[in-house]
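There are 2 protein chains.
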Amino acid sequence: MSPQVTFHPKGRSIDVPAGTSLLEAAILAGVEVNSACAGKGVCGRCRVVVEGDVETKASPKISQEEWASGYRLACLSKVQGDCVVFVPEESQLKPMQIVGGKVSTELKELSPLVRAVYAKLRPPTLHDNDADLERLLKELGYEPGSLEVPLSLLKRLPQVIRDGEWTVTAFLDGDLLVDVRPWNCVSRNFGVAIDIGTTTVALQLVDLGTGEMISQVSDYNRQLMYGEDVLARIMYGEDHGQDRLQHMIIDTINHLLARVCSYDEKCAGKGKKVCAEEVMAVSVAGNTTMMHMLLGLDPRFIRYSPYTPVTNLSPSTNAAEIGLNVNPRASVHLVPGRASYVGGDVIADVVASGMARSEGISLLIDVGTNGEVVLGNQDWLLACSASAGPAFEGGEVCHGMRAGDGAIEKVSLQGGVQYSTIGRTRPKGICGSGLIDLLAQMFLTGVLDKKGHLQPSDRVREGEFGKEYVLVYSKDAEKDGYDLKATGMTCCPMDKVERRRDITVTEEDIANVIRTKASIFAAAEVLLDTAGISFADLERVYIAGGFGHHIDLDNAVAIGLLPDLPRERFTFLGNASLDGAKLCLLSKEKREEALAAHRAMTYVELSTDQRFFDRFSSASFLPHTDLNRFPSIGRIRE
Amino acid sequence: MSPQVTFHPKGRSIDVPAGTSLLEAAILAGVEVNSACAGKGVCGRCRVVVEGDVETKASPKISQEEWASGYRLACLSKVQGDCVVFVPEESQLKPMQIVGGKVSTELKELSPLVRAVYAKLRPPTLHDNDADLERLLKELGYEPGSLEVPLSLLKRLPQVIRDGEWTVTAFLDGDLLVDVRPWNCVSRNFGVAIDIGTTTVALQLVDLGTGEMISQVSDYNRQLMYGEDVLARIMYGEDHGQDRLQHMIIDTINHLLARVCSYDEKCAGKGKKVCAEEVMAVSVAGNTTMMHMLLGLDPRFIRYSPYTPVTNLSPSTNAAEIGLNVNPRASVHLVPGRASYVGGDVIADVVASGMARSEGISLLIDVGTNGEVVLGNQDWLLACSASAGPAFEGGEVCHGMRAGDGAIEKVSLQGGVQYSTIGRTRPKGICGSGLIDLLAQMFLTGVLDKKGHLQPSDRVREGEFGKEYVLVYSKDAEKDGYDLKATGMTCCPMDKVERRRDITVTEEDIANVIRTKASIFAAAEVLLDTAGISFADLERVYIAGGFGHHIDLDNAVAIGLLPDLPRERFTFLGNASLDGAKLCLLSKEKREEALAAHRAMTYVELSTDQRFFDRFSSASFLPHTDLNRFPSIGRIRE
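Protein sequences appear in the order of chains A and B. Numbered according to the working numbering, the first sequence spans residues 1 to 638. Numbered according to the working numbering, the second sequence spans residues 1001 to 1638.
These aren't lab readings, by the way, just hints derived from the structure by calculation. A portion of the hints provided could be inaccurate.
Once the Cα atoms are required to be at most 16 Å apart in a straight line, the calculated EDC-like pairs of lysine to aspartate or glutamate come out as [as the list claims (entries may be wrong)]:
no.: 1; chain 1: B; residue 1: K1155; chain 2: A; residue 2: E589
no.: 2; chain 1: B; residue 1: K1451; chain 2: B; residue 2: E1507
no.: 3; chain 1: B; residue 1: K1040; chain 2: B; residue 2: D1229
no.: 4; chain 1: A; residue 1: K155; chain 2: B; residue 2: E1507
no.: 5; chain 1: B; residue 1: K1155; chain 2: A; residue 2: D243
no.: 6; chain 1: A; residue 1: K10; chain 2: A; residue 2: E90
no.: 7; chain 1: A; residue 1: K155; chain 2: B; residue 2: E1321
no.: 8; chain 1: B; residue 1: K1450; chain 2: B; residue 2: E1507
no.: 9; chain 1: A; residue 1: K155; chain 2: B; residue 2: D1243
no.: 10; chain 1: B; residue 1: K1061; chain 2: B; residue 2: E1090
no.: 11; chain 1: A; residue 1: K108; chain 2: A; residue 2: E589
no.: 12; chain 1: B; residue 1: K1120; chain 2: B; residue 2: E1090
no.: 13; chain 1: A; residue 1: K410; chain 2: A; residue 2: D554
no.: 14; chain 1: B; residue 1: K1010; chain 2: B; residue 2: E1090
no.: 15; chain 1: B; residue 1: K1410; chain 2: B; residue 2: D1552
no.: 16; chain 1: A; residue 1: K40; chain 2: A; residue 2: D243
no.: 17; chain 1: B; residue 1: K1155; chain 2: A; residue 2: E238
no.: 18; chain 1: B; residue 1: K1467; chain 2: B; residue 2: D1449
All of these numbers come straight from a predicted model, not from anything done at the bench.
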C-alpha cells in the first residue's frame, strides 16, 4: 500500500508512492505550499511541521529549536510511510488582501475593447434573401469583406439570429466580430482587467457599458511553486517544459474568474450575476516573462544576453486559444511592454499615472518583485530595470511577508516600539512598508548606523543567523491577545510552535533591504543623468507597487529609497498596473497611449552601465554617502 | 464469426456484422461506390454484381436480365454471410479526366493571396535588444501593432529566426503574417486553386512566385455517396450530421493534395517536389452548399424558402481550422458567392470570362449539376439559377455518364451512326456533349420529332423502360475490338455481363434532356427580359461546365440549348470556375473583381417567377415552339 499523507489545516489526504517529496505530494493534493526555488531546498519558503515516517535533510533555514518542534522543508522531505503535515500560514499560498488602485482617471468617453451594438434585422423574404451574415453587416454599417468574422462564430450565427427572432446584440472589437447573441432586453457586455505579477495576480470584473467595477479579487500566482522570481521560473520551464508554467498562470486566472463569474449559461442576461459567456474582453498587464508564459511563448532568450523577448506587443488571440474560461472568442489585449525587463506592467503604470500626457517631467518607480524606473513626459520616456530584488515584497528577509493579514505595515520607535498589522490580527511578519518604517526608525533613533550595522540596544541580540533586532517578542504578541480564532486560522496542536517565534530583523535582512533601495535609487539617477536633469527638475514622482496600503514618505526618504523632494510632489499609486490594464480595457485612447508609450520609450540597459555601479555603491548607505542630497534627513539626525 | 465481403476489382475484404448493407460495407472497406440518393434505393447508381449470401430487394433500376446475371443495388442488399461483390466501372468513383480551363487571362502583375518577402535582420546586441517580432516588423516596414501575427506562429518565431541565422522569408496575406521560414537560397511560395463541384473536385498547384501551374488533378467529390445533388446532401446532413459531409469534402481535397505535394518536410526548399508546408495559400470556388460544407457551416436554410445561406462571403480562416493538409496557417480564400443557388463558382466564372470588365453585354451559362445563368457587363450583373438538373453531367439519363474515359463525346448520324469516346476506349455511356450531339442529330434526321418522341426507325425499339434508341449495340462495341486490358480495367469473370448491355437513350431520357435545356434557355430569357434586351444585343455568350472536351455549337443551337446567334459570338470556357479560383489566387485585382461582382450582382429568383414557367413551356420543344427564333435550324429542317 502507498503511504498516506494528510495535510492540515486543509485536512486533505493523498496516497503517494514512497519517495515522493512532501512538496510534490502537496501539489498533487491541491494544497498550495509556498516555494521560491523550485524544490531545491534553497529558499526555505516551504517550511512545514511533520509527524510520521519521513526521510528528510537538515537545512540552515530551519533552526535547531524549530527542528526539534518538527519543522522541515517540504521539498527536502521524502515520504516513507503515513504522515501528517501541518502547513503553517506563512508557508501557505492563500487569497491575499487587495491593495487597490489609487488613481481614478477620468475617461472622456468609454470606448471599450469590445463594444456591444444592438441590431434589428429585417427578416428575409423571397425577394430579399440576403445571407444571414450580409444582413447583419448591412445593419452594422459594414461593407462586405470589411469585417473579420471567425469561423466558429459563423457556425453559430443562423441559430443565434433565429433564437433572437432577428434581433441581436453584436460584439465588436474594431473590425472583428467577437460574438453575436440573441437580444435580451439589455445589451450586457463585460470585461476583465488582470494584473499578472510574478507574485500576485489581481483581477477586476468591469461592466463595459458603464465602466463600473463590479468586483475585484486577487490571489497568489500559482507559479510560485516553481520559483519566486522570473529567472527561477524560466529555468524551471527549461528543465520541465514551459507548458506547466502556462497551465499554472491560466489556472490562477481561471480560479479568480470562477469567483466573479457563473458558468451557468442560463443566468446570462438575467439578474446581477455575470455569466462567463458574457465576458467579451480581457485586458492584461504583466511583466514580459509573465506575458510569455500566459501566451505559451518561449521565454528562454529573456534569460541570456542580449535579453530579447519574442515580442513586447499584443498578438492576435482570444480567450479560447490561451485557455481562459470566459467567452471563447473574447478579445485578449495585452498592454505592450518595452523590453525583457520593462514589461506591460510598467507601461500600464505609465498609462495609469498619466505621466506620458504631461508637459512636466515625472519619475515613476514600480517596486515589485523586480523594480523598474521610468522617467519622462509627453515627448520622451526612458526606462530601466533595477534588478532590485524582492525585499519590499517580503523576499530575502527572514520575517518578511507580502501585504496580507498579519503583516506589520507601520512601525514607530519614537517613544517605545509601536506597530500595527494589516487586518489588526496577531503579527506574523513584516511587509514592505513596515520594513521601510523599521529601518528608517532604527536609523533615526541610532539603533542602526549608516552602514546598516546594528548598535548595542536592549532589543539587539545575537541570534542564530547573527545579530538581530527583535521587533516583536512572541510573549508580547500573546499578551496583545491576538486570537487564532479571530484570524480565521484553523487551530491545530502543531500551530503552537509558531507562536514561539519572535519577529526579528537581522543584519543580513537589513543589507538586503539596503541593496534593494540602493539599486532603485541608482537606477533613477542613471535615467536622470541620461536625460541631463536632476531630481529637483521633477514635477512629480509616482510610486507603484505592493508595499502595503500606504508608504510613509518621510521614512522612505530617510532610508534613501526616495529622493528628498517636497513631499507634495509624490503620489502613491498602489497597484497601478491593474489600473492601467483597466483603462486599456475601457478606452481606445488609453490603448493608443500604451502603444505610443511602447514606441516612445527608450530602454536603458543597466547591467553593463558603469554609472549604475558607481551610483549603486554611493547609495548603499543610510540614506546615502552624500548626506547633502538628503538635507531634511541630515537636519533630523543632527 | 462476422460475414466477410470481398470487393472486386479492388480485391479488398472486410468483416461486417450481418445485416450491414453492401453500400455501408463498401464505405467501411474504403471502396468508393457511386450513390446519388443516400442509400434509399431510388437512384440506381450503386449497381453491383453479387455472388454469395445476401438478402436483397428488387428494384425497377435492375432489369430482369440483369437480375438474373447477379446485378443488385448495393444499398438494398444486406449481408447475411460471406459474399463476393464486383463493382462495375459505371458504379465506381474513380479519378476522372480533367477538362482544363480554356481561358488564359493575362495578369498585369502577380499579387498573390500570400506573398513571400525576404528579410535579413540585424542580430541583436545589448544596445539593440528589440524583441524578435519587432525586429522582423521593422525590416518588413510595419509599425508595431499594424501586422496581425497568429499566436501559433509567434510560438515558433524565435527558433525559426535563429535557424535561419537572422535571415528569413516572411509570408504575408495583406496585414496578416502567415508564416516565417528560415531562408533557404530561394523564397519558395506555393498555392492551390480548387474548384469544388457537387460532382467533381479539381485542384491546381501553382507557383505563387511565377504564376506557373505545376500540376493539376481532379477526382469525384466523395460526398457523392450521400446524394447526387446539393439537396440530397443537405437532407443527408440533417439526418446524419453535417460533420460527415465536411469530412468527405476535406478528405477528397486532401487526397488530391497528396498527389501533388509531399508530406516530408525535409524536401522543403529542395528540388522540384513541393512540400505541403510550403503551400501558403488556398483559393476555392464552389457552389454555396459546397462552401458551407467545406467550412462546416449549417446549410439547412438553403433548402427552405426564402433560401438564405449563412454567408456568401469568405470568412477569416486558415487551413488548420478546416482541416486541409497544407501549411496549417495557409490563408484560405473563398471566391464570394451571391445567393444560395448562385455561388462562388459562378462568380469565379464571371472573373474568368472577364464579362464584368467589358462594356458590351454578355451572357454566361454554367451547365453543371445545377445550371446558372449570368447577364451583364461592367456596370451591372443579373444572375439566376435554372434548377436545370444533371442531365448534361450524366444524371437522370440511363446511359448518361460524366466526361471520363469511355464516354461517347461526339455523335453524328449523317450517313450512318458515328461516334467517338474519350480516351478512345470501349464506349461505356454518353456524356453531355454526346447527348447534345445525339439529340440534335436524331432531331435533324427525323428520328425525333419536336416534342421529343421517337419515330419508327431500325434503331428504335421497345425496351424495358419504354421506347429507346440504340446508339451502340454491345456486339458492335465488341467487334470494334476495344480491349479491357487497354482500358486499364481489371478483368473479372463477372465483368462479362457488363459487355452485354447496349448503349441506348429512352424517351424518358430525352424528356429529361429537353427539360434541362429548356430551363437553361428560359432562365436566360428571363434575365434578358429583366434587363429589357434581346439575344441579339449580346456581344458574347460564354459557356462553362463539364459537358466534355468541347461542345458542338450547331448541335447545341439545334436542340435549343443555346440561342441562334452567329457562332463566333460563343466562347466555350470549360472549367471556368477553377480558372477563376486560380486568378483570385494570383491577383489582388481579381479578388477585388470577385468582391465587386458579389456586390454588383442582382439575384433573380425564378422559383416564383411566372415568366420563367411560361418561357420554360415554350422552350420544352426541339428547338423551341417559336421556330422563328432559330432561323438557322428552320433552314436545315426544311
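Right, here's what the structure says about each hint:
Of the supplied pair hints, the one linking K1155(B) and E589(A) is violated, its CA atoms being roughly 29 Å apart against a limit of 16 Å. A hinted pair counts as satisfied when its Cα atoms are at most 16 Å apart, and K1451(B) with E1507(B) qualifies at roughly 10 Å. The suggested pairing of K1040(B) with D1229(B) holds, with an alpha-carbon distance near 14 Å, which does not exceed 16 Å. The suggested pairing of K155(A) with E1507(B) is violated, with an alpha-carbon distance near 45 Å, which exceeds 16 Å.
A distance of roughly 12 Å separates the Cα atoms of K1155(B) and D243(A); the hinted pair therefore holds under the 16 Å criterion. A distance of roughly 14 Å separates the Cα atoms of K10(A) and E90(A); the hinted pair therefore holds under the 16 Å criterion. Distance check on the hinted pair: K155(A) and E1321(B) sit about 13 Å apart at the alpha-carbon level, within 16 Å; holds. Annotation: proposed proximity of K1450(B) to E1507(B) holds, straight-line Cα distance about 12 Å (limit 16 Å).
Simply put, K155(A) and D1243(B) have alpha-carbon atoms about 12 Å apart, close enough for the 16 Å limit, and the pair holds. For a cut-off of 16 Å, the pair hint linking K1061(B) to E1090(B) stands: about 14 Å separates their Cα positions. Between K108(A) and E589(A), the direct Cα distance comes to roughly 9 Å. Compliance with the 16 Å bound is thereby established for this hinted pair. Between the alpha carbons of K1120(B) and E1090(B) the distance comes to roughly 57 Å, so the proposed pair goes past 16 Å and is violated.
The straight-line distance between the Cα atoms of K410(A) and D554(A) is roughly 13 Å, inside the 16 Å bound, and the hint therefore holds. Distance restraint check for K1010(B) and E1090(B): the Cα-Cα separation of roughly 14 Å lies within the 16 Å cut-off, and the hinted pair is therefore satisfied. Annotation: proposed proximity of K1410(B) to D1552(B) holds, straight-line Cα distance about 8 Å (limit 16 Å). A threshold of 16 Å between alpha carbons decides the hint, and for K40(A) with D243(A) the separation of about 20 Å lies outside it, so the pair is violated.
For the hint linking K1155(B) to E238(A), the alpha-carbon distance of about 15 Å falls within 16 Å, and the restraint holds. For a cut-off of 16 Å, the pair hint linking K1467(B) to D1449(B) stands: about 14 Å separates their Cα positions.
Checked against the numbered hints above, the structure breaks hints 1, 4, 12 and 16 and satisfies the rest.
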